[in-house]
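> This is what each chain is made of:
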Amino acid sequence: MLRISTIGYTIKQGFKNIWTNKMFSLASIATMGACIFLFGLIFSVFVNFQYIVRTAEEGVAITVFFTDDADQARIDEIGNEIRGRSEVTQCNFVSAEDAWNSFKEDYFEGDASVAEGFQNDNPLANSANYEVFVDKVESQGELVSYIESLEGVRKVNQSEAATKTLSTVNRLIAYVSVVIIGILLIVAVFLISNTVSMGIAIRKEEIGIMKLIGATDFFVRSPFLIEGVIIGLIGSAIPLGALYFMYNKVIQYVLEKFHMLNSLIQFLPVKQVFESLLPIGLVLGMGIGLVGSVITIHKHLRV
Amino acid sequence: MITLENVSKSYAKGQPAVNDVTLHVDKGEFVFIVGDSGSGKSTMIKLLLKELDPTSGTITVNGQVLNKMRHRKIAKYRRGVGVVFQDFRLLKDRNVYENVAFAQRVIERPNRVIKKRVPEVLTLVGLAEKYKSKPNQLSGGEQQRVALARALVNRPAILLADEPTGNLDPKNSFEIMRLLEEINERGTTVLVVTHNREIVNSFRKRVISMKKGVIVSDEQEGGYVEN
Ligand SMILES: Nc1ncnc2c1ncn2[C@@H]1O[C@H](COP(=O)(O)OP(=O)(O)O)[C@@H](O)[C@H]1O
Ligand SMILES: [Mg+2]
Numbered sequence: 283m284l285r286i287s288t289i290g291y292t293i294k295q296g297f298k299n300i301w302t303n304k305m306f307s308l309a310s311i312a313t314m315g316a317c318i319f320l321f322g323l324i325f326s327v328f329v330n331f332q333y334i335v336r337t338a339e340e341g342v343a344i345t346v347f348f349t350d351d352a353d354q355a356r357i358d359e360i361g362n363e364i365r366g367r368s369e370v371t372q373c374n375f376v377s378a379e380d381a382w383n384s385f386k387e388d389y390f391e392g393d394a395s396v397a398e399g400f401q402n403d404n405p406l407a408n409s410a411n412y413e414v415f416v417d418k419v420e421s422q423g424e425l426v427s428y429i430e431s432l433e434g435v436r437k438v439n440q441s442e443a444a445t446k447t448l449s450t451v452n453r454l455i456a457y458v459s460v461v462i463i464g465i466l467l468i469v470a471v472f473l474i475s476n477t478v479s480m481g482i483a484i485r486k487e488e489i490g491i492m493k494l495i496g497a498t499d500f501f502v503r504s505p506f507l508i509e510g511v512i513i514g515l516i517g518s519a520i521p522l523g524a525l526y527f528m529y530n531k532v533i534q535y536v537l538e539k540f541h542m543l544n545s546l547i548q549f550l551p552v553k554q555v556f557e558s559l560l561p562i563g564l565v566l567g568m569g570i571g572l573v574g575s576v577i578t579i580h581k582h583l584r585v
Numbered sequence: 057m058i059t060l061e062n063v064s065k066s067y068a069k070g071q072p073a074v075n076d077v078t079l080h081v082d083k084g085e086f087v088f089i090v091g092d093s094g095s096g097k098s099t100m101i102k103l104l105l106k107e108l109d110p111t112s113g114t115i116t117v118n119g120q121v122l123n124k125m126r127h128r129k130i131a132k133y134r135r136g137v138g139v140v141f142q143d144f145r146l147l148k149d150r151n152v153y154e155n156v157a158f159a160q161r162v163i164e165r166p167n168r169v170i171k172k173r174v175p176e177v178l179t180l181v182g183l184a185e186k187y188k189s190k191p192n193q194l195s196g197g198e199q200q201r202v203a204l205a206r207a208l209v210n211r212p213a214i215l216l217a218d219e220p221t222g223n224l225d226p227k228n229s230f231e232i233m234r235l236l237e238e239i240n241e242r243g244t245t246v247l248v249v250t251h252n253r254e255i256v257n258s259f260r261k262r263v264i265s266m267k268k269g270v271i272v273s274d275e276q277e278g279g280y281v282e283n
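The listed protein sequences correspond, in order, to chains U and Y. In terms of our numbering, the first sequence opens at residue 283 and continues consecutively. In terms of our numbering, the second sequence opens at residue 57 and continues consecutively.
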């Protein structure tokens, strides 16, 4: 329905708006850039942190010990009940002998004679257990209380402190980022709205003539919509590009500065982060631009 | 072509700017509207452009009742009505060609039509050579020709002119009026609001005179009516 010539003309007018209104456009693009830059930064930190937490989670296990009167049949039942929970990814039975053997390996490594002393008297006779792995740190607490309530369970051990901190920090980062990004979004929308209304003021006469000549509302408005979208696109493309090039440098720096992290932490490759960050950032930028101009057009371009 | 039935228009306060006007203009007519400043002539033009809605009464143009017209139909309606003003209202940052082409872009004509139509209509108003000039490089008469070209390029059935010669010297005024007459002879219905006594008296067209929002006389081949 829209003609190519009209689309071409409209886009040209959109760029012209930005150009005649350089200072304001620049301010909008800069704020937009800061907004998307911070978003990208927080996004990168967040996905990496999630990745680290997830890697850590894979090693986090709950250990379930049994009361003396629980026989093997009861122990099997407990195992089935644990496996029946949806958050449980793995549940392995470790017999007292297994526990002892693994203990011996860990502590009396190469000094078999010391261990020999215990030969017929397993000091860990009471330590048959289930090793339970969960899919998310968050679901661990609830699972532990559930298992503790089961008959025949004496004790449940969990690597509580570490996992709690990880998930708390995780949530904290999420909250703080939402707040910061929210504030920046509002500022960006406000600035774009200001820019567009300046543009409308400058072109007031032209708009009046357009309407008298028979321009549709859509035709009158679209250059300003385009203006917002272009500002949004430029304002997001620049910081995303900058982040792309900074990403590896920052990771390299962090790993050099904190050698000990090297073995503990793995960062996501830049390609993987940008697979989602790039489209999200661009759409977000365009969206902010569009929202800013739509608000303004509805306020100042009532036709 | 144009019918007003008992049309009144009041602004916020004071007496109505247009007061119970009933009027009919046929297709192909040339009509002068004269009257003192403040007699409601511009208000009439605005009513015909549907820039304003009447307080009461019915306006019918080209078979369309303006009172009932939906907002989204207004743009289409205006494409059939050309308009020029005393102050030309050209876009100062664009040259003659772009000012005229603007009217075609606005109604979403393709570029190939624009490239053909704009030079044609610039030739009609005698400005073919100056198509690259900016408005501030032109005389008042030339600027009004550009405005006229812009009003005509979309081939409207009706042309409204609100004091088109108000800012022009007598020679240019006559030339613009000649152009309006020529446009009328090609079939366009023309309504001209003017103060210019000499022109009205020499053209011998239909003259409607207004006073305080009321039509006080309406004569075929009339002259300027002194109030
Ligand atoms: N926007 C407006 N608001 C209030 N009063 C107006 C407005 N426009 C015109 N008027 C009044 O309406 C009357 C007619 O004005 P107008 O139609 O412009 O007359 P003319 O064009 O014949 O000089 C005048 O008294 C004028 O003061
Ligand atoms: Mg007037």
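Quick caveat, the hints were computed from the structure, so don't treat them as lab data. C-beta atoms are modelled at their ideal positions from N, C-alpha and C, and glycine is treated no differently. Certain hints may be false.
[To be verified] Here are a few chain U residues that face chain Y, going by a calculated C-beta distance under 7 Å:
| hint | residue |
| --- | --- |
| 1 | Arg285 |
| 2 | Tyr291 |
| 3 | Thr292 |
| 4 | Glu369 |
| 5 | Thr371 |
| 6 | Ala483 |
| 7 | Ile484 |
| 8 | Ile491 |
| 9 | Met492 |
| 10 | Leu494 |
| 11 | Ala497 |
| 12 | Thr498 |
> Mind listing which of the numbered hints don't hold for this structure, in increasing order?
Hint check: 3, 4, 5, 6, 7 fail, others pass.
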